[in-house]
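*Asks:* So the protein sequences, as listed, match chains A and B. Using the working numbering, you'd call the opening residue of the first sequence number 1 and step up by one each time. Using the working numbering, you'd call the opening residue of the second sequence number 1 and step up by one each time.
Rather than coming from a laboratory, the hints here were simulated on the basis of the structure. Treat the hints with care, as some may be off.
Here are the simulated SDA-like pairs of lysine to any residue, each with C-alpha atoms no more than 25 Å apart in a straight line [unchecked claim]:
(1) A:210 to B:124
(2) A:220 to B:34
(3) B:65 to A:186
(4) A:116 to B:57
(5) A:70 to B:57
(6) A:186 to B:142
Chain B side only, calculated, beta carbon under 8 Å to chain A, not exhaustive [what the hints assert, rightly or not]:
(7) 47
(8) 85
(9) 92
Over 10 Å on every C-beta distance to chain B, these chain A residues come out as not near it, computed from the model [unchecked claim]:
(10) 144
(11) 176
(12) 240
(13) 306
In this text, a Cβ means the ideal position worked out from N, Cα and C, and glycines have one as well.
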Amino acid sequence: MNNQQSKALYENFNSQLSVIEQDMAEIAQMAATVSDKFNGLGENIQNFAAIAGFGRKGHAAAHIIGGAVKILGDVYAELKKEDALKKLLPKKVEIAEAKAGIIQNYRQLLESQKEKYHSLLHEQITVEFKEENRLEYQELYAESAQNSYSIYVRSLYIIEICNYMMAEFDAWKMGKHESGLPKPDKAIVLEEVVAMITTPESLCDPNNTKLTGGIYLLSKNEPLFATVLNKLHVNAITTENKKAKRVADRKSFSEVKKFIRQLKKMERSKDLTHLDWLYALPTFHQAVKSCKLTPLFLYLLKYYSILYFLLFLFNSSSFEQDGLIGAISTSIIPSLAVAVVAVIFSLLIFRIYENDEAGRGLWYYIFFLTFTVLTLGLMPIAFKRYLAKEKDYENFLIQLKVKINE
Amino acid sequence: MIINKIQMNQNQKTPTENPDYSVLQFGGAQQAMQNVDMALQRLHNITAVGQDITNKIAQTVIEVKQIQFAMQQMDSQVEIMCKEYDMRIEKYKLSAQMIQSQLTSYSGQMDQLLKTILDMDPSNKDQDYIRSRSELISLLNSTSANISNMFMNFIIY
């Protein structure tokens, strides 16, 4: 079986495992339909009194009956759903009994071999080679390193799957429909591999230029590099006191940005070529692009300064007296001052735009229009572009998770 | 409408006719016509209300039927699911023994391979030695992939 087929099989795992979950969802959907129909009937009864011209008492009676039909309908649909799920539960227990033995055996087998796979991978990761021996390494060791990595990740991920399945089976046997455990995540396994290879700090340390089998694996397997970035993000999130509204103000973002910036700096240095394979990864380029986000204040200040500087420059009277340099020097300070004031007001408008949809009164619209005119239309464009950049970064984080579980 | 027609007829009378007589004669007719008109209006209203009530009753009957249908559909869907589950269980029971025997034989092979690889000297720089070790690791990987795929197929399908 080739890699593509096995990849498809693992990707299928989460979707196929949920066949039973899909059945549960289908039952819930059917119960909801029954409940909706009862609600429709209740509405009909309530409307009936108005049409038939019943008196006040009749009207009230029809209203009560209609309401009762609705409530009884909900209760009945819930009972029907529980009844259907109860019918399926013994079948699920039978499935568990048919599968549990094999799953337990295979898990035991993998657990018993885990240490040996770890040793094998560790041995491959610690192979060191010099810059001039890159080709020789690729020819003699690279395949072994890649195979050892595949065996280790596959085995540990299947242990995760087995643990999850056994927890589900136990839940079914205890009369529950699900264990409530999260689905198996490859990130846990890959984090172990990354920890064997390096840490983010030593990876972007310019004094640590050792070429190893681990660096080769990290540079050739996108999920591993995605795990490094994801781990940086997740670790920072757990230590963040309060989640800032703006992405650029979050610690989780600045940690990833700091790391990527350091790698980029090393990429520019001609002496540091040990991470050349890594710089070729599409995830690295995507990270560089997404981490260009700056705080909103600086973002607006940059564009407003340029705008007002050009305006002051072209309207400067010192152009004819002092020449271009004189005009530039006299335009810098006023343009910066105006830009700072404009940024402060723009931030205020942006805050109202984002937070207070209901409270946007006439003043807000007057301010918005005024500053749109004063910034020659730059303010709304800047807002839109900045929000798009933030969205880009959020998408990048989602893509990292997809990459990890590829 | 009828009153309007009477009024139109009145307007068409010649001036030689006695006005008092015409007032007396047509005043009674007008009243009668108004009564008929009102009665017709009431009848129309009652018919409309009746029609609304009939519609509502018909709609209620349809909704009750729909509820019955939705419940029957749910019951039959659950029946189908149960039958599908029975088939799956039989399939799992049949394949379990075969998978178990395969697992045992593969695991023996893997243990042996792993032992051979780990017993070899990783610091040996002889290219042929490194290549043969690499081939063994590759064999171990493909055996591991086969056994895992078989296992995943069993878990999933």
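*Asks:* Is the Cα-Cα distance between residue 65 (chain B) and residue 186 (chain A) 25 Å or less?
*Replies:* With a Cα-Cα distance of about 50 Å, the restraint between residue 65 (chain B) and residue 186 (chain A) is violated, given a limit of 25 Å.
*Asks:* Please verify that the nearest CB of chain B lies beyond 10 Å from residue 240 (chain A)'s CB.
*Replies:* The claim holds: residue 240 (chain A) sits with its nearest Cβ about 38 Å from chain B, beyond 10 Å.
*Asks:* Could you grab the alpha-carbon distance between residue 186 (chain A) and residue 142 (chain B) and see if it respects the 25 Å cut-off?
*Replies:* Between residue 186 (chain A) and residue 142 (chain B) the Cα gap is close to 20 Å, so the pair holds against 25 Å.
*Asks:* Would the stated hint for residue 47 (chain B) survive a check requiring a Cβ distance to chain A of less than 8 Å?
*Replies:* The hint is violated - residue 47 (chain B) has no Cβ within 8 Å of chain A, the shortest such distance being about 14 Å.
*Asks:* Need the status of pair residue 210 (chain A), residue 124 (chain B): alpha-carbon distance at most 25 Å?
*Replies:* holds (21 Å)
*Asks:* Can the hint on residue 85 (chain B) be confirmed by a CB-to-CB distance to chain A that is less than 8 Å?
*Replies:* It holds, given that the least Cβ distance between residue 85 (chain B) and chain A is near 4 Å, below 8 Å.
*Asks:* Check the non-interface label on residue 144 (chain A): least C-beta distance to chain B beyond 10 Å or not.
*Replies:* Incorrect as stated: the minimum Cβ-Cβ distance to chain B is 4 Å, not above 10 Å.
*Asks:* For residue 176 (chain A), is the shortest CB-to-CB distance to chain B above 10 Å, so the non-interface label stands?
*Replies:* For residue 176 (chain A), whose nearest Cβ neighbour in chain B is about 17 Å away, the distance exceeds 10 Å, so it holds.
*Asks:* Would you check the hint for residue 220 (chain A) and residue 34 (chain B), treating anything up to 25 Å between C-alpha atoms as holding?
*Replies:* Roughly 97 Å separates the two Cα atoms, so the pair is violated.
*Asks:* With the threshold set at 25 Å, check whether the alpha-carbon distance from residue 116 (chain A) to residue 57 (chain B) stays at or below it.
*Replies:* Status violated; Cα separation ~76 Å.
*Asks:* Check the hint pairing residue 70 (chain A) with residue 57 (chain B) against an upper bound of 25 Å on the C-alpha distance.
*Replies:* Between residue 70 (chain A) and residue 57 (chain B) the Cα gap is close to 17 Å, so the pair holds against 25 Å.
*Asks:* The output says residue 306 (chain A) does not contact chain B. Does that hold with a beta carbon cutoff of 10 Å?
*Replies:* holds (56 Å)
Violation of the numbered hints given earlier is confined to hints 2, 3, 4, 7 and 10; the remaining hints are satisfied by the structure.
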